[in-house]
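Chemist: Position chain B relative to chain A; hints supplied.
There are 2 protein chains.
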Amino acid sequence: MEWLANIRDVAGKAGVSVATVSRYLNNKGYISEDAKRVISQAIEELNYQPSMIARSLSTKQTTFIGLIVPDIVNPFFPELARAIEDVALAYDYTVILCNSDEELEKEIKYVQTLQRKYVAGFIVATSHEKAEHYTELNVPIVAIDRRIHSSIPYIATDNREGARVGTEHLLQSGCKNILCMRGPSGLGPADDRFDGFNDAVNGKDVKTHVVECPFQFEASEKIVQDILQDVPIDGIFASSDVTAAGAMKAAHSLGIHVPDQLQIVGYDGTMLAGQLTPGLTTVAQDLYKIGATAARMLIKLIEGQELTEREVLIPAELLIRETTRSGA
Amino acid sequence: MEWLANIRDVAGKAGVSVATVSRYLNNKGYISEDAKRVISQAIEELNYQPSMIARSLSTKQTTFIGLIVPDIVNPFFPELARAIEDVALAYDYTVILCNSDEELEKEIKYVQTLQRKYVAGFIVATSHEKAEHYTELNVPIVAIDRRIHSSIPYIATDNREGARVGTEHLLQSGCKNILCMRGPSGLGPADDRFDGFNDAVNGKDVKTHVVECPFQFEASEKIVQDILQDVPIDGIFASSDVTAAGAMKAAHSLGIHVPDQLQIVGYDGTMLAGQLTPGLTTVAQDLYKIGATAARMLIKLIEGQELTEREVLIPAELLIRETTRSGA
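One line per chain: the protein sequences are A and B, in this order.
When the count follows the numbering used here, it moves up by one through the first sequence with no breaks and lands on 330 for the last residue.
When the count follows the numbering used here, it moves up by one through the second sequence with no breaks and lands on 330 for the last residue.
Simulated from the structure, these hints should not be mistaken for lab results.
Please note: incorrect hints may appear among the correct ones.
The calculated lysine to any residue pairs, modelled on SDA-like cross-linking and capped at a C-alpha distance of 25 angstroms, are [to be verified]:
| # | chain 1 | residue 1 | chain 2 | residue 2 |
| --- | --- | --- | --- | --- |
| 1 | B | K132 | A | N49 |
| 2 | A | K206 | A | D193 |
| 3 | B | K291 | A | D103 |
| 4 | A | K111 | A | H135 |
| 5 | A | K291 | A | K38 |
| 6 | A | K291 | B | K108 |
| 7 | A | K224 | B | L321 |
| 8 | A | K38 | B | R118 |
| 9 | A | K108 | B | N49 |
| 10 | B | K111 | A | I9 |
| 11 | B | K224 | B | I258 |
| 12 | B | K108 | B | D160 |
| 13 | A | K108 | B | D88 |
| 14 | A | K178 | A | K209 |
| 15 | B | K111 | A | N49 |
| 16 | B | K111 | A | P280 |
| 17 | A | K302 | A | D94 |
| 18 | B | K111 | A | L91 |
| 19 | A | K111 | B | L27 |
| 20 | B | K111 | A | Y290 |
| 21 | A | K206 | A | D262 |
| 22 | B | K108 | A | Y93 |
| 23 | B | K108 | A | Y290 |
| 24 | A | K111 | B | A92 |
Here are a few chain A residues that sit away from chain B, every Cβ distance over 10 angstroms (derived from the structure) [said to hold, decoys possible]:
| # | residue |
| --- | --- |
| 25 | S42 |
| 26 | I154 |
| 27 | R162 |
| 28 | Q174 |
| 29 | N204 |
| 30 | D232 |
| 31 | K251 |
| 32 | L274 |
| 33 | L278 |
| 34 | L315 |
| 35 | P317 |
Among chain A residues calculated to face chain B with C-beta under 10 angstroms, some are [claimed, not checked]:
| # | residue |
| --- | --- |
| 36 | I74 |
| 37 | N101 |
| 38 | G276 |
| 39 | T295 |
Cβ atoms here follow ideal geometry from the backbone N, Cα and C, with glycine treated the same way.
For reference, chain A alone in the conformation it holds in the complex (with noise of 0.2 angstroms):
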């Protein structure tokens, strides 16, 4: 280890007493312009870096940013966590990351750990809405993906119209007889996909089937397995890619030919929709530029920014691969 300046030696250097550099450097209290020179020539002479725990005890903030997520390893967090990595790094604030595994006791733990460790705000996708921890928080919140509260600035991806677009294209594509796989009931993001398909669906000449289905590959595939045994099904609309690989496994075990027999529109836009064979069709979502979005929104709030929109949803973008057969 190099040796570290601190701030004795600054104010040494400087010819000032150690208050003085210190009012310095949290901007508190008079200084004179001649103090305010000199000290920061000892700073840039000695290469000084003010440690960032002391400067925390005594303007009370830190930069550090809590992160609280279901589950990192679901395919859809890893890019939003890169994004909000991205601009905390320009911004010089770093990020701590939580696995809450939707289990409110563990949300409420993390928050007042983080609380404790003066952290500086909170991104939280969380789906619960007993939401106290959150509102009665004294440091910013911003919440992605999920609505927490009316008071809680809140980002994500307009479902309910990339939901109407997916749909839309499976009704262009020529399917009669479409299963709308729609995620947990009571899950924000999960209704308004199920919104959108309805505004799709709504007085046209089409069969439309139901399923609530949980976000994962395995009982999508049961599902899916069952559903196409008994109902002649020619679209699938899932309302999320996971959903919708579990439903190509499923018809290719039944040696039902995707898409020339069944159509599936996935959601999410996530790296795996792409790497399947045949490419999934999906709705895509822009996971980056919402955690990108997030960031820089409670960093303004954090520096005692307003934020001139407190509700912010970002387009969804259909990509068509080879799931369905565009234009038939």
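Modeler: What follows is chain B alone, placed relative to chain A:
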């Protein structure tokens, strides 16, 4: 926010000085048994939670662990990160997430920034051999997946043996013309897997072809498409699941049936492998165990304990799915 007791409140309630409470909290210097008793009572009654930051200033120790990975979006790393965070949480440590993009400058910047924030230790996956910024650290460090330096404890999969077992499976399944898609030359795990491939094929009655391929889907798809048009290949050992997925796509687009005409074995055991159609036979790393072991090793070092082993190799496991004809 509820009211939080501070160290002065504890001292007042216990009827001792702040310095005595501080000695008690930091477990340093003499305190009478009577003082210990009244302080511990006061802490309990006030539900006092010592500020981590105040403590880290006096003990120069925090409970932050810096986790440096190339890119959390690479499906290999979220599971590692998850395991590290699970263990960290159990021991009251907090994980800071850093994406280095394999850039040396970015790694060095992270190490410096986190040191100023008094991080207690690092877990690092890096391919840089220039490692002074790690070997000269004054906090513990553990290397995962890739060796950094002989002085730094290291934990990874037994890649050579894993690759040998995966290749052996192709031989036993009847392959006579095997393509080895080796990872980047000079990267430790990629070299080890290539050695394992050679261990399996050397001296056997089989034609082998070797191509170097980055761990990327598109690059793999392109490379395999070219090779399959030129050379008769009936088996592929790919040194990552993503590479194998690219090979599957290439075969599909050329109308080559997997596994009837071409058998494929991947490496990693990421979720992707199970979600592909047909399901990918792969050499599964125990990513969770690697991450959890790394976290436990680091916490031992942080807490001043000796490691019984400084290099840990975790066995891989062959998962046989549908891209090979086992026992054919």
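Chemist: Against each hint, give a clear statement of whether it holds in the structure.
Modeler: Here's how the hints hold up against the structure:
no., hint, in the structure
1, B:K132 - A:N49, "holds (24 angstroms)"
2, A:K206 - A:D193, "holds (21 angstroms)"
3, B:K291 - A:D103, "holds (19 angstroms)"
4, A:K111 - A:H135, "holds (10 angstroms)"
5, A:K291 - A:K38, "violated (40 angstroms)"
6, A:K291 - B:K108, "holds (22 angstroms)"
7, A:K224 - B:L321, "holds (21 angstroms)"
8, A:K38 - B:R118, "holds (23 angstroms)"
9, A:K108 - B:N49, "holds (20 angstroms)"
10, B:K111 - A:I9, "holds (22 angstroms)"
11, B:K224 - B:I258, "holds (15 angstroms)"
12, B:K108 - B:D160, "violated (29 angstroms)"
13, A:K108 - B:D88, "holds (11 angstroms)"
14, A:K178 - A:K209, "holds (6 angstroms)"
15, B:K111 - A:N49, "holds (15 angstroms)"
16, B:K111 - A:P280, "violated (42 angstroms)"
17, A:K302 - A:D94, "holds (13 angstroms)"
18, B:K111 - A:L91, "holds (10 angstroms)"
19, A:K111 - B:L27, "holds (22 angstroms)"
20, B:K111 - A:Y290, "holds (23 angstroms)"
21, A:K206 - A:D262, "holds (22 angstroms)"
22, B:K108 - A:Y93, "holds (14 angstroms)"
23, B:K108 - A:Y290, "holds (20 angstroms)"
24, A:K111 - B:A92, "holds (12 angstroms)"
25, S42, "holds (19 angstroms)"
26, I154, "holds (16 angstroms)"
27, R162, "holds (27 angstroms)"
28, Q174, "holds (25 angstroms)"
29, N204, "holds (32 angstroms)"
30, D232, "holds (22 angstroms)"
31, K251, "violated (5 angstroms)"
32, L274, "violated (6 angstroms)"
33, L278, "violated (6 angstroms)"
34, L315, "holds (23 angstroms)"
35, P317, "holds (22 angstroms)"
36, I74, "holds (5 angstroms)"
37, N101, "holds (6 angstroms)"
38, G276, "holds (7 angstroms)"
39, T295, "violated (18 angstroms)"
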